[in-house]
Amino acid sequence: MVDAALSPHATLALNSARLRRALRADQIFQRLTFCCALLVLVIFAGIIWALVDGALPAIRAFGFAFLWTEVWNPVTERFGGLAPIAGTLITSFLAMLVAIPVGIGIAIFLTEICPRPLRRPIGIAIELLAGIPSIIYGIWGLFVLAPMLQQSVMPPVIDAFAGIPVLSSLFAGPPYGIGIFTAALILSIMTIPFISAITRDVFETVPPVLKEAAYGLGATTWEVLWNVVLPYTRGGVVGGIMLALGRALGETMAVTFVIGNAHRISASLFAPGTTISAAIANEFTEAIGELYLPALVELGLVLFFVTFCVLALAQYMLYRLEQRAGGRS
Amino acid sequence: MNQGRYLRRRIRNLVFLSLSVLATGFGLAWLVAVLGTLLYEGFSGLNFQLFAEMTPPPGEDGGLLNAIVGSLMMNLIAVAVGTPIGILAGTYLAEYGRYSRVAFVIRFVNDILLSAPSIVLGLFIYVAVVLPMGHFSAWAGAAVLGTIVIPVVVRTTENMLLLIPNTLREAGVALGAPRWHVIRHITWRAAQAGIVTGALLAIARISGETAPLLFTALNNQFWSLDPNAPIASLPVVIFQFAISPYEDWQRLAWSGALLITLAVLALSITARLLESPQERK
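These protein sequences, in sequence, are chains A and B. Residue 27 in the working numbering sits at position 27 of the first sequence; the count goes up by one each step and never skips. Residue 169 in the working numbering sits at position 169 of the second sequence; the count goes up by one each step and never skips.
One chain only, chain A, in its complex shape (with noise of 0.2 Å):
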C-alpha cells in the first residue's frame, strides 16, 4: 500500500482527509434521498394546489351548493354536482355488494378448501387479473355485455317486476344495456381478484396454531372461519374492502364505457346515468366557457376528498394489522 511508506502522522492526516470525504458524500447522498422522499410530499401538495386553484372559479359561483344541485347544463353554464356523485356512490355501492361476499369467498376457497397443488396457480391467476387494465373490462363490457343484459337479462326483470311498487321503479325500462347496472356489474367484476388477492393474504397472517386448537376442539371448517379467522383478520379485511372501494369510487376506463354519460338520475338502475370520473373523461377536452371546466374539476376535488378518506382509513386498519402481526413474531 502507499500508505505504508508515509510516516504514522501523515497517514492519520491522509485518512482523515479521506474520511471527510467519505463522510461529505455519505451527507450528500443522505440529503439526495430524503429530496427524493419528500418529492412525494410535493406531489400530494400539488395534487391539493392544482384541484383548488382549477376548481376556484366553480367553487366562488356555486358554493357549496354544488354538491346537492343536479342542474348540468353548459349552455347556461350551471353546474351542479349531484348526479355524477350519487353515480359514483351508487355503482361503487353496488359493485361492493356483489365483489365482497364474491371475493371473500375465494378468499376462503384458495386458503381452506382448494386441494394443495391447485392453490399456488389459481392464486397467481387471481393475481394477474387484478393487474389487467381497467380498459379491458371497458370494452368487454361494452361489446359483450351490454348486448347482453340489453337482450336477455333486462327485459325478463322489468317485466317480471311490472307490478310491484318499489322493485317496479328500480328496475323500469326501456332495457338500453348501458346504465347504472351494467357499470356496477363491471366494476364488481373487476374488483372481485382485488378483494380476493388482499383477503387471502390477510388470512394467511393468522396463526397456523390458532386454527389447530379450534379444530382440535371439534369445530368445523365454517365454524373455525367464523369464530376464529375472522375475528382475527377483522381490520385487515375490512382495510382490504376499503382499499378496493377507493380504486372502484375512481375507476374511470371501465365505467366510463357503460354508463351512458347523463347527468340525471332515476329511480331506475336501469337507466343511464354517469359518475364523477366518466364525466371528466367525457367531457373534459369540449368544456369550454368559464365555468365548464372548472366545474369537472371541482367533482376532481370532491372526488379526491372522498378517496382520500375512504383509503386513509383503508391504511389505518391495515397497519393495526400489520403492528399486530409484527408484534407476534
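In short, the hints are calculated from the structure, not lab data. No incorrect hints appear here.
Reference listing, derived: stretches of chain A covered by chain B, where coverage requires no fewer than 3 residues with Cβ under 8 Å from a Cβ of chain B: (1) 26 to 32; (2) 37 to 51; (3) 214 to 225; (4) 239 to 252; (5) 305 to 311.
A virtual CB, placed ideally from N, CA and C, is assigned to each residue, including glycine.
Starting from the structure of chain A, add chain B where the hints point.
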C-alpha cells in the same frame, strides 16, 4: 338430540363451503369470459400490418404503429425519470428515516397516491403542466405516468430493502465502509431482484393507463416523435376506436386491447419469476 345438533353443524358447514366454491366459480367464470372474448376478437388482427402501419381514417386499412410508439415513448420517459426517484425515496424510508416521523408521513401519503384515482392525477398535470405550456404534449402524458410510477417503486423498494437482514449492513459498517457504500454495494445489491420487480410492476401499471392521458397527451392521428406535441397512445386509441361506429376501427381496438393485456401479463409474470424464493407466499 346431540346427533341432530352435530348434523346441523355439518350441514351448515357444507352449505357455506359450497357457497365459497360457487363464488370461486362465479368469479373465475367472468374473468375467463373477459379473457376469452379478448383472445377471440383480438387474435385475428394480430398481424404484421398492426405493427407497420399508422392508425387509419375510418374505412381504410391500417395498424397501430404510431400509437404503439407513442405509448413506448411516454412509458420510457416516465420510467427513466420515475424509477430513480422512487428508488432513492424508498431507500430513504428504509435506510435513513426508518422510524422518523417524516418517514411515517411520507409512507402514508405514498400509499394514498398508490391507490388514488389516476384521473385526478391527470387533472393535476393538466393544471400544472398543460395550462402553463398552453398545449397538450407527450411531456405532459409522461409526467402523469411518472407520478404513477413513483409511488409504486417507492413502495416495492422499501419493502425489498426491509427484507435485507440488518447483520449484513452491520458487517459493512464494521469494516469501516461509509453508509452510502453499504447501501450501494450491500443492500441495493442484495435487493436487486426485488427493485427490478418493482420497476416492472410500475411499467405494467402504466401500460394500460388511459384516463389521465385523455387530456394530457391527447391523441394524434399521425406519426409523431415530438415530445412537445400531442401524441397517440395505445390505450387512448383503443378508447377512441372502441366507441366509434366503424367496424374496422373496433377491430383494431380489440387487437390493441389484446396487445396491452399480453404486455401487462408478460411483465407481471416476469416480475413474479424474479422475486426471490423466500418472498413467495
